[in-house]
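Spelled out, the chains give:
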Amino acid sequence: MSTSSRSLALALALGLGLWVSRSEAQQVVDAFPAGLSAPTRDALRRLADSAQAAGLPAQVIVAKAAEGMLKGADEARIIRAARSLLVELMIARDVLPHGASLGMLTAAASAVHAGVSPQTVSRLIRSGESVRAGEVDLSISLIALTDLVASKVPAESAANAVEQLLRRRAPEAELTAFRAAVAHDIASGESPQAALDSRTKALVRTLDSRADLMGRRP
Amino acid sequence: MVEHDEELPPALREATRLLREEPVPSRDWRDALEREVAAVARPERGRRWSVRPFTAVAAALVCALIGASSAVLVMRGSARSPVPTRLAGAAQAQLVRFTLVAPGASRVSIVGDFNKWDPSALPLRRSADGQSWEVEIPLQPGRYAYSFVVDGTLARDPSAPQAADDDFGQPNSVVLVKGS
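Going line by line, the protein sequences match chains A and B. Just so you know, this note's numbering puts 132 at position 132 of the first sequence, and the rest follows in order with no gaps. Just so you know, this note's numbering puts 53 at position 53 of the second sequence, and the rest follows in order with no gaps.
Isolated chain B (complex conformation):
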């Protein structure tokens, strides 16, 4: 800042000088201030917990348990259904017809991923001409391994691809059900 005090009249110049001087606090005022500061209690620490640490840890544990329980309950929905459900997206069940030509058979059923491989769950109906057997099953879109049971013996569907899931020595057939 450029000062031009020499251009001012003497009286005004003196007044300006006085205003520029730092005021010296009185001894009494300083003593009073020091007493006041000393009277204020110093805080024990700079930052305080809004909740106690034990409570915070307990709350975090409870939240984690509730979250884990909810996730398990959601997953349980897909495990309960006997029919495989899609991992992504949703689609309606399709009616899938399975047919086997077995004129000499007296009883045919179908087993697969869709009925927990229960041979009594889905029997096939004999056709009017007695040559073939068929059943229609509502299936969600997906891939299913299956096999026929002809008079108590497992038989692969000759019209369908092999599943190669022959862990147990008897290969399955496979059907892919597409979404609508």
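Same shape as in the complex, but just chain A:
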């Protein structure tokens, strides 16, 4: 191979690489809301690139930016929210089992965002896995946990309650009713901790009685 041929091959390869990365970056930029300024789009594109480089989907960053635009947030706040989301997704990925779905990943990231510690999320996942809970059950539990924390229930107490219910394989409908009942009690003036305790106790009793009847108490 002559020197000129080698130089040409190298130039072509470099050009191809640059073209692919540039068109990829351009596509992410195009996906961001049109109303954003160029520097903000650039900052968001870098976050999306970081997400992709970490094996995380870039569209969640795009969606967060679109949500911020719709809600009238200023651009600095949009960037802050997108950056925070990226960090939470990375934390969630680290505590979840390998190959977790995007749904479970975002559910765990949302729990972290709500104030649940990564260690608590990890403990909940391990607890669920010990009773062979599927990914859907784990995702539902994470969503219920996030909802409770968003309703001002202390994160650790909420996690303990959800863990108890997960270990008893509480059906989704009962978990949904439980969550709604706690929220209702809080709205009625009960303290979040008291509402959680009384509703958890009641549901645990129900689940244990049912398990006793079926001869498979945990």
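Treat the hints as calculated values from the structure; they're not laboratory data. Be a bit skeptical, because a hint or two may be false.
Unchecked claim - Among the chain A residues that face chain B by a calculated CB cut under 8 Å, a handful are: (1) A13; (2) A66; (3) R210.
Claimed, not checked - Example chain B residues on the side facing chain A (calculated, C-beta under 10 Å, incomplete): (4) Q131; (5) S132; (6) S159; (7) D166.
To be verified - Covered stretches of chain B, as calculated for chain A (at least 3 residues, CB under 8 Å): (8) 116–128; (9) 139–146; (10) 169–178.
Every residue gets a Cβ at the ideal spot worked out from N, C-alpha and C, and that includes glycine.
Go by the hints and put chain B onto chain A.
Same frame as chain A, but now just chain B:
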């Protein structure tokens, strides 16, 4: 090895002794061999490249670039879709019904991770009794944050869990779409 030469007849013993002696190469033969060895050119180095180093490095660079480009192209497929896709496994879209009781509203739509938060993309239909609004959306399995837009104002779905993604001051609802 145990030798028993003394048991052999003298003639055979002599023949055996001669056979055991190392042959002495002739002077001519040695000289010819040395000339032949000296005539063979010594190699410049013990090991040669099958390709030139520069070519090997260039080929490695080209392979790395092609590999990186392929990975980016594969990842682009998931970034293009407006609907989040699963990281693992594949499943079919589910038709998810969203309902909001809002008898006094004149226009209701839904925004979320599934439509880039575009308030004009998915309007809800008013029910026959005029009390509620609903829409059915095909969604891939996953978790989605969403909110209703009632006459231009965002409203959380009271029947669904909160997403806690309230970075912008208005919390969302969340729906989990299970695989079939």
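So, going through the hints one by one against the coordinates:
Nearest Cβ of chain B to the Cβ of A13(A): about 4 Å, under the 8 Å cut. The hint holds. Taking 8 Å as the C-beta cut-off, the interface hint given for A66(A) holds, the closest approach to chain B being about 4 Å. At its closest, the beta carbon of R210(A) sits 23 Å from a beta carbon of chain B; the interface hint therefore is violated under the 8 Å criterion. For Q131(B), the interface hint is violated, the least distance from its beta-carbon to any beta-carbon of chain A being 21 Å, above 10 Å.
Residue-level restraint check for S132(B) is violated (minimum Cβ-Cβ distance to chain A is 18 Å; threshold 10 Å). For the restraint placing S159(B) at the interface with chain A, the shortest Cβ-Cβ distance is roughly 8 Å, inside the 10 Å limit, so the hint holds. For D166(B), the interface hint holds, the least distance from its beta-carbon to any beta-carbon of chain A being 8 Å, beneath 10 Å. With a cut-off of 8 Å between beta carbons, the region 116–128 of chain B has 4 residues touching chain A; three or more are needed, and the interface restraint holds.
Counting residues of the region 139–146 of chain B whose CB falls under 8 Å from any CB of chain A gives 4; the rule of at least 3 is met. Figure legend: the region 169–178 of chain B, annotated as covered by chain A; annotation consistent (8 residues with Cβ-Cβ distances under 8 Å, at least 3 required).
Checked against the numbered hints listed earlier, the structure breaks hints 3, 4, 5; every other hint is satisfied.
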